[in-house]
Amino acid sequence: MYDAPQLGNAMDQTTTKISARNVQVHYGDTHAIKDVNVDIDAKTVTAFIGPSGCGKSTFLRCINRMNDTIDICRVTGDILIDGEDIYDKRVDPVQLRAKVGMVFQKPNPFPKSIYDNVAYGPRIHGLAKNKSELDEIVEKSLRRGAIWDEVKDRLDAPGTGLSGGQQQRLCIARAVATEPEVLLMDEPCSALDPIATAQVEELIDELRSQFSVVIVTHSMQQAARVSQKTAFFHLGNLVEFGDTTQIFTNPQDERTQNYITGRIG
Amino acid sequence: MTDVTPTTSILTVDDRTRRRNVAEKRFRTYGVIAITLAMLALVGLMTSIFSGGLPAFKQTFITLDVYLDPAKLDKDGSSDLEKIRKVSTFGYAPLIKKALEEQLAKPELAVEGLKSKDAAKMISKEGAAEMRRFVLANPDMIGETVSFKFLASGRIDGYYKGRVTMQSAERDKNVSPQQLQFADKLKDAGLLKTSFNWGFLTRADASENRPEAAGLGVAILGSVYMMVIVLFLALPIGVAASIYLEEFAPKNWFTDLVEVNISNLAAVPSIVFGILGLAIFINFAGLPQSAPIVGGLVLTLMTLPTIIIATRASLKAVPPSIRDAALGVGASKMQAVFHHVLPLAAPGILTGTIIGLAQALGETAPLLLIGMVAFVREYPSAPPEGFFDPAAALPVQVYNWTQRADPAFVERASGAIIVLLVFLLLMNTIAIILRRRFERRW
Amino acid sequence: MSDQHIVSAFDRDLEGIQAHVMKMGGLVEAAIVDASQSLLNQDEELSAEVIRRDQAIDDLDTLINEECANLIALRAPAALDLRMVLSVMKISGNLERIGDYAKNMAKRNTVLVQLTPIEGARGALQRMAREVQLMLKDVLDAFIERDVEKAQDVLLRDRDVDQMYNALFREFLTFMMEDPRHITPCMHLHFIAKNTERMGDHVTSIAEQTIYLVSGSMPEDNRPKATRYEPE
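Protein chains in written order, with full-length UniProt numbering: chain A, 1 to 265; chain B, 1 to 442; chain C, 1 to 232.
In case anyone wonders, no lab produced these hints; they're calculated from the structure.
Small disclaimer: the values here were computed from a predicted structure and weren't measured.
Built from N, CA and C at the ideal position, the CB exists for glycine as well.
A hint or two may mislead.
[Claimed, not checked] Cβ-to-Cβ under 7 Å is the rule here; a few derived chain A residues that face chain B:
{"#": "1", "residue": "71"}
{"#": "2", "residue": "102"}
{"#": "3", "residue": "110"}
{"#": "4", "residue": "121"}
Using the sequences and the hints given, assemble the complete structure.
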C-alpha cells in the first residue's frame, strides 16, 4: 500500500489542491476503492492509470461527487479541496460541481447551439449579468478550449454537428466556462483519433497554468505525455503515486511495473 | 473446426451453403405471404367500410315552396310569438302536404294513384320540425311563400343510393312504387337533388324512424370534449409520474411494485375501467351520467399507463451522457431533467400521448357502462359546463346505430366509422409530424 | 515480477536483441584473446585474422541498433523494458569500441614485429588483456543474469587494470629514457596498453549499464581510480 506524504511537508514546493484520506467506496457489496490516500497538487496534471475496473474512474467521480447520483454507492473517508471536506453535510454537490468541472469519456455536447453549450453553465450559476458579459465568457471559454477560431463564425450551429475532437474541446470549453478550480477528465480522448487526441493533449497542457487537472486514461502513453504526476490503481488500491517520469522509467512496485510494461501480472 | 483444403473453390457453391440459401429464400417468402395477407385483410376491411359508409355523406333533398298559412300558424293574427310557439310540429305537416298537392296537380308531375297523404310521407318527419324552427326564428315571414330544402325520407334517399328498388318498394309498407315515380319526376323537374350531407357531421342523433335526420354532431363534440379532458389530465399526470419514477425515485421494492402495477394496468380490459368509473365517479362521487367529464376521467385512467410507459421509454432512450454533462457543469438534477432530458424525450412523449389518445378515442366498452350510450338530442354547451352535459361519443354512436332496424342506420354506422378513422388518421399523422419535427440526433 | 509479456512477440524481440548482444560479446572476447595472443607470439597471421573479424562485430552493432530502434518505434517499451533497450544500445556501443581497440592492437602488432622487441612488455600486456577479457566475460554474465553484485565486482576490478597500465607506463618511460631507439616500439606498446585500459573502462561502463538496468538508477561514481598519470 502506498503511503501519501504527510500534509504540510516543508519540502513541498507546490501547494496541495486535493487531498484524499482513507477514502473507501462501496458499490452495494463491492468494495470498489480501498483506503486511498493521495495529495493532488495545484496547477498540475495528475494522471490516474490502471486496468479496467481498478477504481480510477470511481475515485475521479468521487472528487466532484458524481457518485451521488448512484443510489448504491457509499463513500467514506475525507476528500479535502483547499482543506474543505467536500463530503461535509453542508456542502451542496451542485455548488461543488461548479468548482470541480468534469469532461467525460464520450464527447457529450448538449444538442443545442455551440453558444448555448458554453453559456449553459454560466447561465445556471448566474455568472453573467447581461448578454455582453455572457458573450465575453463564451468567447473566453472557447478560446481556452482552443476551438474559438474553428467555431467563431458559426456559434449558432448545433454542437453535435462538430467533429469528435471539436466536440470534446467544446466540452472542455463548457467545463471551464464556470471557472472551476479543478478539471476532472474521464478518458477524454478514448473516442478520438490521434490528431484530435494530440490537440486535446496540447490543450490539457495549456490548461495546467490555470487549473488542477486530473485525468483518467487507459493509454499509458497519454498519461506519460500529458501528466506530471501519475497514480497507478489496481483492484481498488492506489498502488503507486509519483512523478510521471519516475513511474514510467523506474516504477517501485512490481504491479506497476507489470502493468506499464504490458506483462502478465 | 473445418479444414480449409486448397481444392475447394469459392466459385462453386457447396451443399451446405445452398441449403442455407434455400432456407433464407423460404423465410423471405413466408414474410411476403404474411404481409400480403395482412394487406388483403386491410384492403377488404377498408373496402367494406367505405362502400357501406360513403353514401352516408350524400343526402337527397326535396325543394318545395311552402305557403306559410297564417290561418294555421297564427290563427288570431296577433303575431304573438308565444301563441305561434303553441303550434306544434303536427300543425306544420298540413302545409307541406298542401305544397306537395300543388306539385301533384301539375300535369307534368302527376302520378296516378298517389295520394297527397302518401306523397307527404316522402318528406322526412324532420321537415315539419325544421319549418317550425324557421318560423319561430322569423315570425314575420308568416303569410309568405318560402322555399324550403327538405330532407327526403330514408326510403326515398335509399332509392337514389340503390338500397330501395321498385321491386322492393312493392313489398315495403313504408314506401310505394308511386312515391318512387313521383320522386323521379321531381328529380326531372329539378326539385329533388342529391348533395353532400353536412347534416351528417353536424346534426344530433335522430329516432328510429327518421334515419335521414341522424347526425354525428353530438358524438363528435362529446368525443372532442373527452379527448380534451384526457389530454389535460393524462399528459401532465403521466409525464410527472414518469419523470419521478425514472429520474428521481429510489430504486427499491416499492418502486418496482409501482412499475409492475403500471404495466399490469395497461393490460387490464377496458370494460373494467368502465365498471370502476361507474362505481367511483357516478355512484360514489355523484357525477352526472352520460357526461364527457366521466367518460374523460375513465379514459384518462385507461390512457395513463400507455403514456407513462411511452414516456419512461423515451426518457430511458436519452443517453446518460447528457445527464452527466448537465450535472458536470453544476446543474441540479431538476435542471438537468427539465433543460436537457425532457426536450430530448419530448417527441417520444408526444407520440406516446397521441397514440394513447387515439386508443382512447376508439374505446367503446367503458363508455357503455357509464351511460354514454344514451340517446342524446341536445348539444352539450360550451366547456367547461359542457363537460357535465350529456353527450354521445363516436364509437358508441357506431355501436348504437348498428343496433337499429332500419338499413339506413347501417349505412350511417359505416359513415361514422369513416369519420372515426379520419380522426385517428389525423392524430397519427400529427404524431408522425411531431416526431419528425423534433427528433434530434445525438 | 513476471517475465512474460502479454504480447509474446515483444518477448521474442527482446530475447533476440539480447542474444545478439551475447554473440557480439563472444566475438569481442575472442578478438581480445587473439589480439593479445598474436602480440605475444608475434603472429602476423592471427593479427590479420583479428582485423578481418572486426567487421562482423561492427555489423552486429549496426544490427542491434536497428533492432532497438524498431523495438522503440513499434512496441513503445516502458520501465524495465525501456531500460533494457537503452542499456543494450549503450552496451553494444561499448562492445564495438572494445572490438576496435582489439583491432588496433592487432594492427600495431603487425608494425611491432618489424621493430626491436621490448623485454617483458608483451607478457605484461597479455596479462592485462587477459584480465580485461575476464572482466568482460563476467560483466556479460552479470548482464544476462541481471546480477548486480557481479557487476559491482567487475566495477571494482577495473582498478587492477588501471594499476597494470600505470606500471607499464612507468616501464615504457624507463625504456625510452634508456635508449631513443626504443621510443617507436614503446610508443606503440604504450598505445596498446592505453587502449587495453580503455577497454577496461568500457567494461565498467557495461557494468554500470547492468546496474542501471536492474535497479533503475546509475551507481554512484565512487570507483577508486588510479589516475595519477592520466592526462585527463
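Going through the hints against the structure:
no.: 1; hint: 71; in the structure: holds (6 Å)
no.: 2; hint: 102; in the structure: holds (4 Å)
no.: 3; hint: 110; in the structure: holds (6 Å)
no.: 4; hint: 121; in the structure: holds (4 Å)
Figure legend: structure checked against the earlier numbered hints; every hint is met.
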